[in-house]
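> If you're matching them up, the sequences are chains A and B in order.
Following this note's numbering, the numbering of the first sequence begins with 1 at its first residue and continues without gaps.
Following this note's numbering, the numbering of the second sequence begins with 885 at its first residue and continues without gaps.
Source of the hints: derived by calculation from the structure; they are not laboratory data.
We put the beta carbon where it would ideally sit given N, CA and C, even for glycine.
Worth double-checking, as some hints may not be accurate.
[To be verified] Part of the chain A face toward chain B, derived, beta carbon under 8 Å:
(1) MET29
(2) LEU35
(3) GLU54
[Stated by the list, open to error] Derived Cβ-Cβ restraints for the label pairs, each shown as a range:
(4) A/ALA205 to B/ALA991: 32 to 38 Å
(5) A/LEU451 to B/ARG943: 29 to 35 Å
(6) A/GLY386 to B/PRO896: 38 to 44 Å
(7) A/VAL452 to B/ARG985: 56 to 62 Å
(8) B/ARG910 to A/VAL452: 51 to 57 Å
(9) A/VAL452 to B/ARG943: 30 to 36 Å
(10) B/LEU930 to A/LEU451: 57 to 63 Å
(11) B/ARG947 to A/LEU467: 41 to 47 Å
(12) B/ALA955 to A/THR253: 58 to 64 Å
(13) A/ARG19 to B/LEU930: 26 to 32 Å
[Stated by the list, open to error] With a Cα cut of at most 20 Å, we get these calculated EDC-like pairs of lysine to aspartate or glutamate:
(14) B/LYS920 to A/ASP42
(15) A/LYS524 to A/ASP321
(16) A/LYS524 to A/ASP618
(17) B/LYS920 to B/GLU987
(18) B/LYS920 to B/GLU899
(19) B/LYS920 to A/GLU30
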Amino acid sequence: MERGPAHRLFRVCLRCYPRAFRREEGPDMEATFGLRLRSLPDGRARRWTFLARECLGAVLGGLGTRARHAGGRVPFAGFRRDLLHARRALARRPWVAAHATMALGLGIALPTVLFCFAYGALRPLPVPDGHRIVHLEHANPAQGLEELDVSIHDYLDWGSAQSALQDMAAFYRGTVNLSGGDRPERYFGAFVTANALDVLEVRPALGRGFLTGEDHPAAERVALVSHAVWRSRFNARPDVVGSVVRVNGIPTTVVGVLPEGFGFPYWDDVWLPLRIDAADLDRGEGPGLEVFGRLRDEVTLTQAQAEFRGIGSRLASRWPDTNRGLVPVVEEYTASYHEQDSDVALVFLLLTGLAVLLIASFNVTNLLLARAVSRTRDLAIRVAVGASRRRVVASLLYETSLIALGGAVLGTLMTVVAVAVIHRLIVDAATYPPPFWMEFKVDAPILLFVLVLTAVGTLASGLIPALKVSRVDVHGLLQDASRGATSLGISRVSRVLVLGELTVSVMLLVAAGHVMEELHSVRKADYGYPVDEVLTARVGLFDAVVPDREGRLSFYRDLQGRLGDRSEVVSVALATTLPGQTAPTVTVRAEGASYPRAVGAPPARVASVSPAFFRAFDVVLDAGRDFTPADEADAMPVAIVNRSFAERFFPGEDPVGRRIRLGASDEETPWRTVVGVAPDLNMDGALEPEGTPQGVYVPIVQSDAHFVSIAVRGRGDPMALAPAIREEVLALQEDTPVYFVRTLRDAVNTNLLDTLLGGGLFVSFGAAAFFLAVVGLYGVTAFLASRRRREVGVRMALGARSSAVLGLVFRRGYRQVVLGLAAGVLLAALAREGMRGLGAGVTDWNLGVTLVVCGVLGVTSLAAVLIPAWRSSRVDPVLALQSD
Amino acid sequence: MSTPSGAEAFLPLAELSFQILLALGRGRAHGYAVGKEIEERTDGRLNPTTGSLYQALRRLRERGLIVETEAPSDDDAGDARRRYFTLTPLGREVMAREVSRLEGLIAVARERALAPKRA
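For reference, chain B alone in the conformation it holds in the complex (with noise of 0.2 Å):
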């Protein structure tokens, strides 16, 4: 499955779910701390409801591009409802992807004077 057409084929990812495999590149998390991580980064621009949030989250997890895994050792909340998640090799494959899509595209800009000059 993790073939590179594979992960072509997921291009280009909404908002959302490239800010949601951006959080989970740090490692594993909680949803909470997904979101908490996503309003944080963008200034609060982009705060997804609860409801948006999961509903990304399982549409990641049915495509394969991230997993559900065992809590860490020092969540001590004890909270046994959440769960966490982390990124599979295809996640990983497809953001690389994305991420190399988008710089093609803001080398191009560049090139054409649309982007902010590198200091």
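So here's chain A without its partners, still in its complex pose (with noise of 0.2 Å):
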């Protein structure tokens, strides 16, 4: 018997048939069913559209059958005189239709569009069999390492040892620039092994692929590019085949173009080999590889995870100098793209999701209530001439339906726009594109959510009228038709459901504040050093360009002194990494300094800086002097660090004419003197801290640096210095694309887009939910004024005051405001310890935040019921009382 979620699934489908036909004939259905299911074409897409289908199929056939077998009484032989029944019964109140269709609409919109992001960020690899497809690294659990390289050697070993992959392949990426013809463009760019296109089973759509041996170092050079790319800089030229660019300054053959939209192994354009000889190398040098392969058919992923296991402690104990304590990771490739914590605040964000959709089905509840009160009598005589109570109920619950039909397209036209909207908005503002298999858009599975919250929003918001209309006392409601609401018990439970509403949306609105709050202290933050007014860009220069060291300085040298001399800059520097980015990590021992072998030299962060670094950004040193043009390279090798280094290494002591030395104790590098000490830069990253903030910097000529990023800084709007830095670079070295042109603020702000989609579906969840609780209060309120009608007619004809009645109407409506923002402020109090629990980050609690929520929601709320009891308080108690 089959196992998986989807027969079990079709199983209990089955169940609607009668139990002699089950008998009979499931056993063999379920057989069919599971050589359909494996015979299915690949794609998800098409497994759910058939899952949908064949249990669609068997619920309804299933109920056909039975109610065949009951006699011959075909079910839903009512269903249409019902539905036109609920169409008319809605037609009447065109306003309340739109409203609760407007409410569930928005109900139904916020979840899916969340469903839309999460699921299109967890879709497979678009390729054949993409799930099949694992990705591998290394970790080192002993020291708390994830994410490592692999050696081309460890890369070969694996290939020859294992047995759970069809095949494997490698690549490591890097920036590619294009030039020839035109003028230069950088491209992201992957380095693959020759057989990377065959183990994704991926054929060019022009050309062909790599071939084998030509990622070997003495090979032709050649080329693939991507679909866009084709399109973008050879105008879609199918005789781009064969012809001859330089990437990297090198010319090169294009040999192929891959299929649109594919992007492998994220969001690159050209693909080059991987010329590497691992002959040439000792174990573990070389570039640091990334692997993948495709899992065996009959392989599981915990089957390869134990096999690569295995294979890894081998290999650390043949070479211990190298792979002690790494172990291979084997995961699904594109769960390798994602971060465990993003997961959580995924599945909360999910779940407020669903709350505005609760919020929007007890607002329609609402509605349905007061209707159904109005409609007691109507109901009670079909009830009294022999209506089952099951018709009853199943007539209003059809008229939920359709609201919920309607909430359904309106929602998914609402989602349709949202997603185009924030897809747009992402592309735009990332440094880094989505990953190319990252698809955001409404299809099936999307279709198959909204499916099933339609489902419960119908429920949710049609089971408690339906129910207690088909509980009501028909006698009595017959002689007096007032007593409706009071013997439905409504009111008490719609002030419940309203109670509900300001509790949950009281609850959103305080995190979105807070989210809010966060983003407006990010977006303001200052960080000791200019970030407003500082243009950056970088440029790369590679090899076959600017080939030796010395190119490399001088073209350094010259365009810091080129854009020193331009009119409208104030001040330049170059810089490996800027303030606020993170830097990379090398280990430094100070001089005379021991350390304990088994822990090794502590790391520090590490900087390579063009002269006046420090006066560029406005910094003054805490001690000693910035870096200038006497630091040659010839000259002392010279350090500035910074703070938290000096305290890390120097503790108590002033390090200035200390001396370090940078990088592991077997190697070679010189012993730097300590020159100055800088305050901390953010170079563990300005937003996101990583750790480690002791840093060092260097000179950029006592370095050798091939990436460096330009900082610029004039007088009016720094993006007007954006043509400045291009004309001097390309006046330097024409081949060289410049990138990366933003403010430092942005520069330093990439990692905000998360918080920022996050914060703005927070901040829209609220509005959303703030909206619907506070028309859900109106209708509440008028709804309970109007009931009371009569009453209010009669202590008015008995004298009472107008002011009285509005208070009377009023003091009833407040007080359930008072209690939702109450419960609303716990309830977001008990959520963030329970995020905080979970381990995401959360914010400390801000009073004034949750001050400003409550009274907007409060100042807002008066309005909702003070409408409704000003107006029953101009009641004419004549009218009032011959209304019935």
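Two chains, two separate frames, one set of hints: put the complex together.
Encoded structure:
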């Protein structure tokens, strides 16, 4: 018997058939279902569609068969009649229907948008059997290191030892300059083993893939380009195959164009063979690789993980110097891209979305309850003349279903628009585009989700009114229609529902308020160095363009000089890593210090910077001096350390004049004399510091950097300096594109995108919930007030003043508001603690935000309660008493 | 039961029933194979769910048009749940009559130039 979830679901659906039918046909049907499932072509969407269709078929067919068995009575015979009835009932009160549809539409759209992004991010690789592609890397659990690259030697050893994968391939990524003919442009590129496309089972749309041997260092230079590059740079010319372009300055033949949308490994546009010969390299040397492979059909991920762990431990004992502690990690390819802690936030957001749906449903419930009261007499008559309670419940549920259907259509439309807009925002704002397999669109699985939400919404909003009405005291009601509401106990239910709405929306808004406050503080954050007036850009010098270190150093010197000479430029600095961005770490040892063998020397971050780097950022050194042009390549090696470094390496001492050495103990790096101490400039990242704040600056001419960032300050708008940078770079080196042109604030805030997106969603959820809650509050107060029209009429006829009536209605409504606010704040506090418990990053409780939210909600609710109260106090007692 | 008038009572056949009988015209087959043949022959236009396929198979069995039969000796899949079906004489009779009924209709349609000319 098959045990997959699909089989289980189908088996459950088969229960709709009568027992006799199931006993005879069931097993064979399951066998056939299994065969059909297995024979499906690939694609998750297709599987979902198949499953939905099969299950729906079984449920409907089963119910139909049951009904025929029961004596020829077909269910849903009254379906059409009830549906027509429901449509007429809705058409009589179009505003109620419209309001309910809007509410449910909003309630469905918000969770669906979220689901769309969650699902879009979790799609499998869009290659044949994409879920069988796995990603392999190293981890070192003993040292707490993850996501470690794999050396070419390990890759080859894995390949010859493993049997779990059909085949495996490797790549590393980098930036690629394409030039020749047009102006130079920079793309994301992947350097892959020649078999990479074969492992993925992807054929180029034009031309051919890489041939075996083309990844040898001596092979002819060839390249593949993406469909997008083919269109934008080569104007979709078919003769691009065979043409020669300059790739990182080297003439290279384009041999193929990949299919549209393909950007493996992440968002890459140019593919070059990985030209490494392991025989030329000592073990562990060479570029760090990422490895991927295709699982054999009969092998599970767990089996592959076990096999690679075994291989890893054998390699570790054979090559202890390079491999000790290294453990191979095998994951589904796309899973390797996701961070664990983002899952918590995602689940929380989805729950929030569902909360909004519930609020919307409560709203509709209240509307329907109000309607139900006005129709109780009608329904009571139907019950009295013999309609079964089931039929009455059903007919009310049909109405809700129609509303929900409208809501589903509306919600889907809203989702399509919202997803398109948000996707655009992501693409525009991000430095890196989303990986090519992430597709945010509304397709079959998303629609299935909408369907489920609609069913939830229908039941949540329709069942209470329907059950209430079906239990009505028919005799009493027919005698006195005004007893409808009382005998239904509706006012109590309504009040509880509105209280629930208010509570949830206060909770969401308090959370949203905190997120907004956090975003605001990040936007305005003072980092201790200028970020808004500094323009940054990056350039890369490839060996083929500038082959020697001398050339690179003179390029940096000339660039700084030429930019500094321009009238619109106030100051210029070059650095491998700018303040606020994460610099790489190296181990550092201080002269005279000894480090325990087991732990080794501590790490510090390192950046190579140009002379006057600190002056360019208006940073005053704590001690010592800035780098000057006198710190030449062949002058005494010097370094400037930051405060954290000084405290860690020279506690209680003056670091200036001491000597340090960068790199591992066996590396022949020079001793550097510390000439200055600088404040911490977020070398571990400004926005989300990664730890290890201690850092070292060395003169750019005393190191060898291929990539540098340029930071320029002018007088006005920093973006106006962009042409100057481009001009000067091109004047010095024509094959070199300038990229990442943005203010330092934008460069520092690239990680902000997630926060911005999450915050934006939170805020829109809170706003939607708030809107729904206020409308709901108004509706319920108005309804309850209208129900008491007679009572008010009597009171006023007996001489009650309208202010007393106003107070009566108002107090009732406002008590709920106060209760809702209190409960919401309490829940928000609990939710924060819950998220903190789950390990999500949560900021401190902000009383101001809470008060503002409560204030705004309180005042708006006041209006929502006051208007109906005021209306009710203006009732003409004569009319009110005549009305029934 | 297999009198001519008895067979007449089943006409006209519903499309799914017709397609199932047509599929079983090749010989005994398992439900999966019947469904697959129907889907392929109609280019996916008719692709009954497992539920509707087995309801139709059961109805045809109850009416005596098809009958369960033993699995062929070359079925080595070893899945005991699978059952094989084959046409009864009545089933063949009904099929023959349905086909001649359709032929009659097609002939009329041809006379009135409502059908494509035969190549």
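> Hints first: check each against the structure and report whether it holds.
Hint by hint, here is what the structure shows:
At a threshold of 8 Å, the smallest CB-CB gap from A/MET29 to chain B is about 5 Å, leaving the interface hint in force. Restraint check, A/LEU35 versus chain B: the minimum CB separation of about 4 Å is within 8 Å; hint holds. Nearest Cβ of chain B to the Cβ of A/GLU54: about 5 Å, under the 8 Å cut. The hint holds. For the hinted restraint 32 to 38 Å between A/ALA205 and B/ALA991, the CB-CB distance of approximately 51 Å leaves it violated.
Distance hint for A/LEU451 and B/ARG943: a CB-CB separation of about 30 Å, consistent with the stated range 29 to 35 Å. For A/GLY386 paired with B/PRO896, a C-beta distance near 40 Å keeps the hint of 38 to 44 Å intact. Distance hint check for A/VAL452 and B/ARG985: the Cβ-Cβ separation is about 46 Å, which falls outside the suggested range of 56 to 62 Å. Judged by the Cβ atoms, the range 51 to 57 Å given for B/ARG910 and A/VAL452 is violated: they are separated by roughly 42 Å.
About 33 Å separates the C-beta atoms of A/VAL452 and B/ARG943, a value consistent with the hinted range of 30 to 36 Å. B/LEU930 and A/LEU451 have their C-beta atoms about 25 Å apart, which leaves the hinted 57 to 63 Å range violated. Checked against the hint of 41 to 47 Å, the pair B/ARG947 and A/LEU467 passes, with Cβ atoms roughly 43 Å apart. The supplied range of 58 to 64 Å is met by B/ALA955 and A/THR253, whose beta-carbon atoms lie about 59 Å from each other.
At about 29 Å, the CB distance of A/ARG19 to B/LEU930 agrees with the hint of 26 to 32 Å. For the proposed pair B/LYS920 and A/ASP42, the alpha carbon gap of about 17 Å is at most 20 Å, so the pair holds. Our distance criterion of 20 Å between C-alpha atoms is broken by A/LYS524 and A/ASP321, whose separation comes to about 48 Å. In summary, the hint linking A/LYS524 to A/ASP618 is supported, as the alpha carbons are separated by about 18 Å, within the 20 Å threshold.
Restraint check for B/LYS920 and B/GLU987: the C-alpha separation of about 26 Å exceeds 20 Å, so the hint is violated. Distance hint between B/LYS920 and B/GLU899 is fulfilled; the C-alpha atoms sit about 16 Å from each other, no more than 20 Å. Taking the CA atoms of B/LYS920 and A/GLU30, the gap is near 15 Å; set against the 20 Å cutoff, the hint holds.
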